[in-house]
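Undergrad: Sequence:
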Amino acid sequence: MGVSLGSSMGSESPGAVRRVLGAAAVAAAVAAAATGCGAGPAPQPPPAAAPAVPPMDAPFEPANAEGGKTPPPQGVPAQAWAALENFLDVRTAAGAPLPEPAADPDCSLPGPGCTWDFGAETLVWSAGTGPRALRAEIYERWKSSVRSLGWPVTSEYLFGGDYRTDFEKGSLIYVPRLGRIMDWNPAVEKAAVVIGDSQAGHDTWVGKGLASLGYTPVILGAGGTGYTQGNGTVDNYPSALETEQWLMPWGDPALVVLQGGGNDAYGADNTQIRQNALQLIREVKRTYPRSRIVVVGVIGDGTGRRAEIDALLGRVAAEQGLDFLSPRNWWKRYSLTSKLADGLHLSQAGHTAAAPVFARELGAILKQGGD
Numbered sequence: 001m002g003v004s005l006g007s008s009m010g011s012e013s014p015g016a017v018r019r020v021l022g023a024a025a026v027a028a029a030v031a032a033a034a035t036g037c038g039a040g041p042a043p044q045p046p047p048a049a050a051p052a053v054p055p056m057d058a059p060f061e062p063a064n065a066e067g068g069k070t071p072p073p074q075g076v077p078a079q080a081w082a083a084l085e086n087f088l089d090v091r092t093a094a095g096a097p098l099p100e101p102a103a104d105p106d107c108s109l110p111g112p113g114c115t116w117d118f119g120a121e122t123l124v125w126s127a128g129t130g131p132r133a134l135r136a137e138i139y140e141r142w143k144s145s146v147r148s149l150g151w152p153v154t155s156e157y158l159f160g161g162d163y164r165t166d167f168e169k170g171s172l173i174y175v176p177r178l179g180r181i182m183d184w185n186p187a188v189e190k191a192a193v194v195i196g197d198s199q200a201g202h203d204t205w206v207g208k209g210l211a212s213l214g215y216t217p218v219i220l221g222a223g224g225t226g227y228t229q230g231n232g233t234v235d236n237y238p239s240a241l242e243t244e245q246w247l248m249p250w251g252d253p254a255l256v257v258l259q260g261g262g263n264d265a266y267g268a269d270n271t272q273i274r275q276n277a278l279q280l281i282r283e284v285k286r287t288y289p290r291s292r293i294v295v296v297g298v299i300g301d302g303t304g305r306r307a308e309i310d311a312l313l314g315r316v317a318a319e320q321g322l323d324f325l326s327p328r329n330w331w332k333r334y335s336l337t338s339k340l341a342d343g344l345h346l347s348q349a350g351h352t353a354a355a356p357v358f359a360r361e362l363g364a365i366l367k368q369g370g371d
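Its first residue numbered 1, the sequence shown is counted upward by one per residue in my numbering.
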């Protein structure tokens with residue numbers, strides 16, 4: 001960046017250039033910063049905004065069409081450079097200046113779009129959304145989720161004691177208490193968050209049963225995974241949670257269901273399963289200290305390794321003071337064996353038959369102690 005800016009300002013640093021030339025551009029840009037450190041209002045106002053930056057006395061001077069107060073570095077569109085310079089002035093005027101960047105903005109993103117690395121924060125610009133500041137953790141997540149999230153429409157702002165950033169297609173919240181990123185789900189208070197395996201999709205006996213009880217299932221986990229088992233793409237339950245391979249919804253869900261254990265029947269011993277189950281439960285309790293948690297065991301015919309793991313999970317749940325629902329003999333008890341598609345997984349007819357059983361037994365558990 002030094003070469004690009006220095007071409008018209010001698011040997012002065014980029015920060016000095018901005019300090020000398022930026023004052024006149026502050027006022028209107030500051031007035032437009034409706035949330036956090038953003039340089040402009042979000043297309044959709046967030047439900048809770050940080051205090052606006054107080055207006056400055058200096059008059060607003062629009063950036064010139066050639067790229068703002070200084071010529072843009074090579075490869076940086078004039079529109080982007082003007083917006084980014086104004087953003088830096090806003091931050092400085094608000095008492096939260098960014099440090100000197102190590103390099104010029106990278107404007108190779110389609111859109112077009114630019115990113116500018118400042119270490120703990122990265123500025124992200126697009127023509128439609130303007131410049132936004134993302135903390136490093138949120139930026140790294142956004143890079144891997146651009147298609148699902150879209151461009152950021154706000155910088156970070158305080159939200160319920162945590163830090164939220166809104167995007168075109170969703171929101172991410174950084175929770176310092178957990179040191180993790182969480183997903184924003186506006187209906188979380190009616191949701192049942194499910195960590196499970198292939199038995200726990202929306203169209204399975206778990207998903208259908210929860211929906212029939214009035215919950216909106218939020219399905220996490222993945223087929224082929226368990227307390228100790230990953231599937232080659234997604235890690236085991238506790239590791240996937242802690243490394244954010246899937247994101248937990250922010251807030252207080254009505255219910256949390258920990259389902260699975262069938263895939264742990266292959267290879268893992270009871271000690272490993274127990275340790276990982278305890279690790280998962282501890283992290284879920286830490287994440288949702290006010291939510292009801294139910295452990296659902298391993299569906300089967302009541303015999304063999306699947307039944308052993310079901311009993312083990314029941315003991316772990318009891319030790320942790322959690323409710324436990326055992327489906328260990330449902331295949332035989334409810335004549336579901338003929339509805340198995342492959343000897344382990346229910347067919348769609350099997351899921352349809354098992355869903356009301358799950359709903360009935362879960363409903364009875366939830367009535368005990370009441371919510």
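Quick caveat, the hints were computed from the structure, so don't treat them as lab data. Here a beta-carbon is modelled for each residue, glycine too, at the ideal position from N, C-alpha and C. Be careful, since some hints might not be right.
[Said to hold, decoys possible] Simulated crosslink set (SDA-like; lysine to any residue; CA at most 25 Å straight-line):
{"#": "1", "residue 1": "Lys190", "residue 2": "Glu283"}
{"#": "2", "residue 1": "Lys143", "residue 2": "Lys190"}
{"#": "3", "residue 1": "Lys190", "residue 2": "Leu149"}
{"#": "4", "residue 1": "Lys143", "residue 2": "Ser108"}
{"#": "5", "residue 1": "Lys208", "residue 2": "Asp183"}
{"#": "6", "residue 1": "Lys285", "residue 2": "Gly302"}
{"#": "7", "residue 1": "Lys285", "residue 2": "Ser108"}
{"#": "8", "residue 1": "Lys190", "residue 2": "Ala364"}
{"#": "9", "residue 1": "Lys367", "residue 2": "Leu344"}
[As the list claims (entries may be wrong)] Between beta-carbon pairs, the in silico distance windows are:
{"#": "10", "residue 1": "Thr352", "residue 2": "Gly161", "range": "35 to 45 Å"}
{"#": "11", "residue 1": "Gly75", "residue 2": "Ala341", "range": "23 to 33 Å"}
{"#": "12", "residue 1": "Tyr334", "residue 2": "Ala136", "range": "20 to 30 Å"}
Undergrad: Now look at each hint and say whether the structure bears it out.
TA: So, going through the hints one by one against the coordinates:
For the hint linking lysine 190 to glutamate 283, the alpha-carbon distance of about 21 Å falls within 25 Å, and the restraint holds. At most 25 Å may separate the alpha-carbon atoms for a hinted pair to count; lysine 143 and lysine 190 exceed this at roughly 30 Å. Note on lysine 190 and leucine 149: the hinted pairing holds, with a Cα-Cα distance of about 23 Å set against a maximum of 25 Å. In summary, the hint linking lysine 143 to serine 108 is supported, as the alpha carbons are separated by about 13 Å, within the 25 Å threshold.
Taken as a hint, the lysine 208 and aspartate 183 pair is honoured in the structure, with Cα atoms around 23 Å apart against an allowance of 25 Å. Under the criterion of a C-alpha separation no larger than 25 Å, the hint pairing lysine 285 with glycine 302 is inconsistent with the structure, at around 29 Å. Restraint check for lysine 285 and serine 108: the C-alpha separation of about 42 Å exceeds 25 Å, so the hint is violated. For the suggested pair lysine 190 and alanine 364, the alpha carbons sit about 18 Å apart, so the restraint of at most 25 Å is met.
As the CA atoms of lysine 367 and leucine 344 are separated by approximately 31 Å, the hinted pair breaks the 25 Å bound. Taking 35 to 45 Å as the suggested C-beta distance range, the pair threonine 352 and glycine 161 conforms, at roughly 43 Å. At about 55 Å, the CB distance of glycine 75 to alanine 341 disagrees with the hint of 23 to 33 Å. Taking the beta carbon of each, tyrosine 334 and alanine 136 are about 51 Å apart, not inside 20 to 30 Å as hinted.
Consistency with the previously given hints fails for numbers 2, 6, 7, 9, 11 and 12, ordered from lowest to highest.
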